[in-house]
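Participant: Chains as they are written, first to last, in the working numbering: chain A, 94 to 445; chain B, 1456 to 1829; chain C, 804 to 956.
No lab work stands behind these hints: they were computed from the structure. Just to be clear, a hint being listed does not mean it is correct.
[To be verified] In silico lysine-lysine, DSBU-like type, Cα no more than 30 angstroms apart, as pairs: (1) B:Lys1548 - B:Lys1722; (2) B:Lys1664 - B:Lys1498; (3) A:Lys245 - B:Lys1809; (4) B:Lys1759 - C:Lys945; (5) C:Lys881 - B:Lys1548; (6) B:Lys1636 - B:Lys1661; (7) C:Lys845 - B:Lys1671; (8) B:Lys1467 - A:Lys245; (9) B:Lys1752 - C:Lys945; (10) B:Lys1548 - C:Lys945; (11) B:Lys1499 - B:Lys1643; (12) A:Lys420 - B:Lys1759; (13) B:Lys1643 - B:Lys1722; (14) A:Lys245 - B:Lys1498; (15) C:Lys881 - B:Lys1722; (16) B:Lys1467 - A:Lys185; (17) B:Lys1695 - C:Lys845; (18) B:Lys1661 - B:Lys1671; (19) B:Lys1695 - B:Lys1748; (20) B:Lys1661 - A:Lys420; (21) B:Lys1695 - B:Lys1645; (22) B:Lys1498 - B:Lys1467; (23) B:Lys1513 - C:Lys945; (24) B:Lys1783 - B:Lys1752; (25) A:Lys182 - B:Lys1499; (26) B:Lys1636 - B:Lys1722; (27) B:Lys1664 - B:Lys1722; (28) C:Lys887 - B:Lys1548; (29) B:Lys1671 - C:Lys881; (30) A:Lys245 - A:Lys185; (31) B:Lys1548 - B:Lys1783; (32) B:Lys1783 - C:Lys945; (33) A:Lys182 - B:Lys1756; (34) B:Lys1499 - A:Lys245; (35) A:Lys175 - A:Lys245; (36) B:Lys1513 - B:Lys1548; (37) C:Lys881 - C:Lys945; (38) B:Lys1809 - B:Lys1664; (39) B:Lys1548 - B:Lys1748; (40) B:Lys1661 - B:Lys1722.
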Amino acid sequence: MMLPTEWIHNFLYASMPEGIAHAVELVLIAVGFLMFFAVAGLYLVLLERWIAAWIQLRRGPNRVGPWGIFQTIADALKLVTKELTGTNKADKFLYNLAPYFPIVAALITISVFAYSQSLHAFDINIGIFFITAVSSIGVIGILLAGWSSNNKYALIGAMRSGVMVVSYELSVGLSLLTMVLLTGSLQLSEIIEVQRTGGWLIVQGHIPAVIAFMIYMIAGTAETNRTPFDLIEAESELGAGYHTEYSGMKFAYFFLAEFINMFIVASIAVTVFFGAWLSPFGITDGIFWLQPVWFFAKVLVIIVLMMLFRWTFPRLRIDQILTLEWKYLLPLNLINLVLMAVIIWLGWTINF
Amino acid sequence: MQQEYIVKDPFKTEEYMINMGPQHPATHGVLRLVLTIDGEIIKKVEPDLGYIHRSIEKMCEYDTYQQIVHLTDRMDYLSSHINNEAVCLTVEKALELEVPERVKVIRTIIGELTRLASHQLWWGVFGMDIGGLTTYFYAFRDREMINDIFEETCGARLTMNYNVPGGLMFDIHPNFVNRTKAFIKHFKTKLPEYDQLLTGNIIFEKRTKGVGVISKEDAISFGVTGPTARGSGLVSDIRKSHPYSAYDRVNFNEVLFTEGDTWSRYKVRIQEMWESISIIEQLIDNIPEGDFKVPTKAVIKLPKGEFYQRVETARGELGVYINSDGNKNPYRLKFRSPGFSNLSILDHVARGSKLGDLVAIMASFDLVIPDIDR
Amino acid sequence: MTNLELQNTIAAWSDQITFTEEATEFLTAQVPAAEWHEIALKLRSTPELHFDYLFCETGIDYGTDLGVIYHLRSTDLKHEMVVKVNTSDRENARIDTVCDIWRTAEMNEREIHDLFGIEFNNHPNMQVLILPENWVGFPLRKDYSDPVNMIIR
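Next comes chain A alone, as it looks inside the complex:
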């Protein structure tokens, strides 16, 4: 049976010269990801609002469309039409440049994931490394936004974010490295292949893998700047943090990037710990259209988990956040890395 992606590929190459077909294919993929990006971002916002409402004894969006499913689209339209206000004292060039960093970084990152066996746009051989590297570019945008806005609240927010992301980048990297020990490859397709033959990595690596997953979830939540690590916005302390001076679409870029980052963090977790598009025990692995369903279902579970964090925890303080990272997570992570290495060396992994 021919996969739809293969069919499109063949059709393009059959109907036009090779060079043009290649270019058209790239454009199609880019447009596809852009659309996916927008829709996923908007519906994650809606999901967040539903979950928030559910936890907070409210009804949530229920006016625009059935169950309010068009609410965020209406919100996006409103944001597009809003005036782009700014400050006179801002550094205009950097101020206008800043929103593109988080959104471009997020967009590049989501193109690397393997959503199914064939729905995999860019299978780079340094996959995990590439993801962590590119996704952390986003913080430059936050720093720029805070700095160029010429607003003290924004600056405090930006500096907090700089400190936090530099710290938690370590934990994210190390916990993923722990899992890479199991696969022996950074390439996402290889990582998935290892899991197809030997079971999900969180099962293969058992104790150190679970520890790595917990560290990853904490650090990942910090990376996305969500409660309990939402110090950079900290609405009760800093008003709105780094995007205090932004409005309209520029604000929406930051806002969307935050939700896409959440998607990215969940996708990495699913790819590295929970076998990406693989179904449990390989029951439906052969059915190609179920592969993305499994992927997104797993991602959704992790995203909902992160949303539960957000709506039940209070916020940490800046020094507590750094203490948590440098005094607890980092040493634990290093020990865990050694533990994982010992377990692999002794062959104590669980393989099906």
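Based on the hints, put chains B and C in the right spot on chain A.
Facilitator: Positioned in the frame of chain A, the structure of chains B and C alone reads:
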């Protein structure tokens, strides 16, 4: 000529000023704090007041005593009933007017309901201030029931204006007793939920324990009152030391914690909610029959002299000082507001703590800005 | 201590202090402005008085004089009294600060300074607290008039 640039001190740091307020989410009103900050560490907090100053004390000098009661709603709007009661008690004390037992009991019950509503709101915004938005909605779910009771009783939900010198404006609604009982039954199951959501949370404990410590000596010197003072172990409950209305016939404990930090101020208020429930339970079944008001003259003239009456609002000791020259208006009327003295210690407490701590400390003081500005 | 004992203890310090208990529930002492700071220090530090809690500080305009009324309490001995300090100089009213003794006075005195125009000697930060910086006049004085904002019935 080559110019030489010498970096004298490459790590030179500067303190900077930041305006927290008048429009800021954590000040809960139009309070402006001028902060001097070194990085994240607070070096100085300078309150700048007056953004909502209406000079109520001056207005009182041109109003009759019945009118003054209305103005007090607008001071500490979260304990409006208790503020009304303070003025009425002062006038009744000056006139040597004995109000019926029924009035005393009803005033106490509604006063305690007001305290509950105020503490609920405080709990909600406390959680919100340290980053957990959910507490707000839980608090408002329960506060709504109290406001409904108030609305049915006197027509208003916030600025109640139910007291008049000599008694109450009108009798309680027939549903009052049943609805209050229903609320108490409901809230007794929901108050443990507050603890489950916030109190045991490790992040919450880390954010509040050891933060903003007020020693007992400082509390006394700065005139700190109410739950804020009781968190530092200062015995200051007016309901115990100078009982008014029906507080002399109910059993309740004065909640005291000695650590003096944000955590103990939090625990005091949570515990006070249980005490308030117990007070209401003791009184709600025995509201004596009788008049709801002693007739007073349309224009009350206080005798010449000075009268001071204090009550315990949700925020602490509210004092009403009336200097009367025998006319229908007071010569001078001063409200000793609890928020004002609690705010005065903020600078002392917050120095050296982080910006996030300042928000937690302010939340634990439970400041209501119109009460400070009057 | 009872009011009489309080009165006897305090009266021994200076013969300028006058006492009254008429038309008020507290023992009220009228203290001359010149001696006020010294007496306040004694009120706070004398072990058998120990007035450590200043629970109300009121500015008042008597028409001719300006005054400040201090409501004092002892948190451990549980007795209370009122001290009144007056000054007849309306143009340049000055009273000693007590914010080194009761720190709550710091903010209260700034408020009184704004609204009554009483300067407090030795106060560490005698800036406007409530009013805008360019405000003219002292709103709570009896001779203050503002034809626009004040509605007098």
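Participant: Against the structure shown, which of the earlier numbered hints fail to hold, in ascending order?
Facilitator: 1, 6, 11, 12, 33, 37
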